[in-house]
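There are 2 protein chains.
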Amino acid sequence: MDKKSENVVWHNHSVTHEARVAKKGHKPCVLWFTGLSGSGKSTIANAVDYLLYQQGVHSYVLDGDNVRHGLNGDLGFSDCDRVENIRRIGEVAKLFVDAGLVVSTAFISPFKDDRSLVRNQLEPGQFFEVYIDTPLDVCEQRDPKGLYKKARNGEIKNFTGISSAYEAPENADIHLQTAGKSVEQCAEYIVQALVDAGIVKASI
Amino acid sequence: MDKKSENVVWHNHSVTHEARVAKKGHKPCVLWFTGLSGSGKSTIANAVDYLLYQQGVHSYVLDGDNVRHGLNGDLGFSDCDRVENIRRIGEVAKLFVDAGLVVSTAFISPFKDDRSLVRNQLEPGQFFEVYIDTPLDVCEQRDPKGLYKKARNGEIKNFTGISSAYEAPENADIHLQTAGKSVEQCAEYIVQALVDAGIVKASI
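Residue numbers (the numbering used here), protein chains in the order written: chain A, 44 to 247; chain B, 44 to 247.
In isolation and in its complexed conformation, chain A is listed as follows (with noise of 0.2 Å):
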């Protein structure tokens, strides 16, 4: 037994939240996309991405590329993985929020219960639901990774839009309807509703 180390006062010491939130210069939040396949959640999310890094937003995308074959490696697409699925990046999500940043993910996220699920776990402003409407015929027309032609085909089961319902929302936080719109004009509209939330400074 070593004496010394007994007697030694340990004191806490941790950085809550708030303080966290203070030092970024912005409020933390998440930007939950959802959309169609093709509808450009993940385009439009790291554009978003790209222009509150511009402003000194301390800011992150959670989207397939970096989710679904590190973190969610082990899921697949049955209705319990999928569930899973939304669920964990619903609480990786709200780790970043609690760390003070920005935090953007683009999954289609079909279901409004698993959306719900995730805003419940968050507090009131820091949820924001993110609808990225592109109607069916120009998703499907885009088709950017030829999964529609599959799922026409019956190669794909299930597919969202085709084989298994989108539940659109209804009251998103930012409805964004992309028919007409620049990927920049896209970006610049949802982050003017995240200076109108008060969650960033206006740019200018």
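Keep in mind that the hints are not guaranteed to be accurate.
Because identical chains share one entry, a pair is satisfied inside a single copy or across any pair of copies.
Claimed, not checked - Computed list of lysine-lysine pairs in DSSO-like fashion (alpha-carbon distance at most 30 Å, straight line):
| id | residue 1 | residue 2 |
| --- | --- | --- |
| 1 | K155 | K192 |
| 2 | K70 | K244 |
| 3 | K67 | K244 |
Honestly, the hints are just simulated from the structure, not real lab data.
Fit chain B to the known structure of chain A by using the hints.
Leaving out everything else, chain B in the frame of chain A:
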């Protein structure tokens, strides 16, 4: 079909990892604290986080408080769940590093293989194994949660150090012998190691 939207050229913008890091003013990394229950992992991790915070470093702590009941709330203490617990924490830590932060994790993580798994998920120089080396008898005397007593009574099975092995790191990146040191001294020792490794700048 919306003709207008078809004609809009969409450009991809995204912030690279290097660009995120450049704006933080320090390098990102994982401080993977490992040590016996009661060794001081969480207390010291939070004290390190506090020092880093005061120096303007963007940091965060993952520990039982914010992970066990959230992201890993579905996991128990079976061998399988234990491995999955560490795997997920490693993946989340990797995301925080990608976002440019210094992230500390404070879990017993008794097995070398599990810690190696996490090390291998990260780039060289981004993972610091921090061995909080407090003798078992000191930990047991502290017994802040009364767990050692329960383990000795047989109320808790497979308790690290009593009825389950703790595989101490042989070549920890930071080996901290806590005997005779205050929490502040322990935290300063670790921050100095980060300065020496070029992760953060000296505070003076």
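ask   = With identical chains treated as interchangeable, where does the CA-CA distance between K155 and K192 reach 30 Å or less: within a copy, between copies, both, or neither?
value = within (26 Å within a copy, 47 Å between copies)
request  = Evaluate K67 and K244 at a C-alpha cut-off of 30 Å and name the case that applies: within, between, both or neither.
outcome  = Cα proximity of K67 and K244: in one copy and across copies (12 Å, 19 Å).
message = As a check of your reading, is K70 near K244 (CA-CA no more than 30 Å) within one copy, between copies, both or neither?
response = Answer is both; intra-copy 9 Å and inter-copy 26 Å each pass.
In terms of the numbered hints stated before, the structure departs from none.
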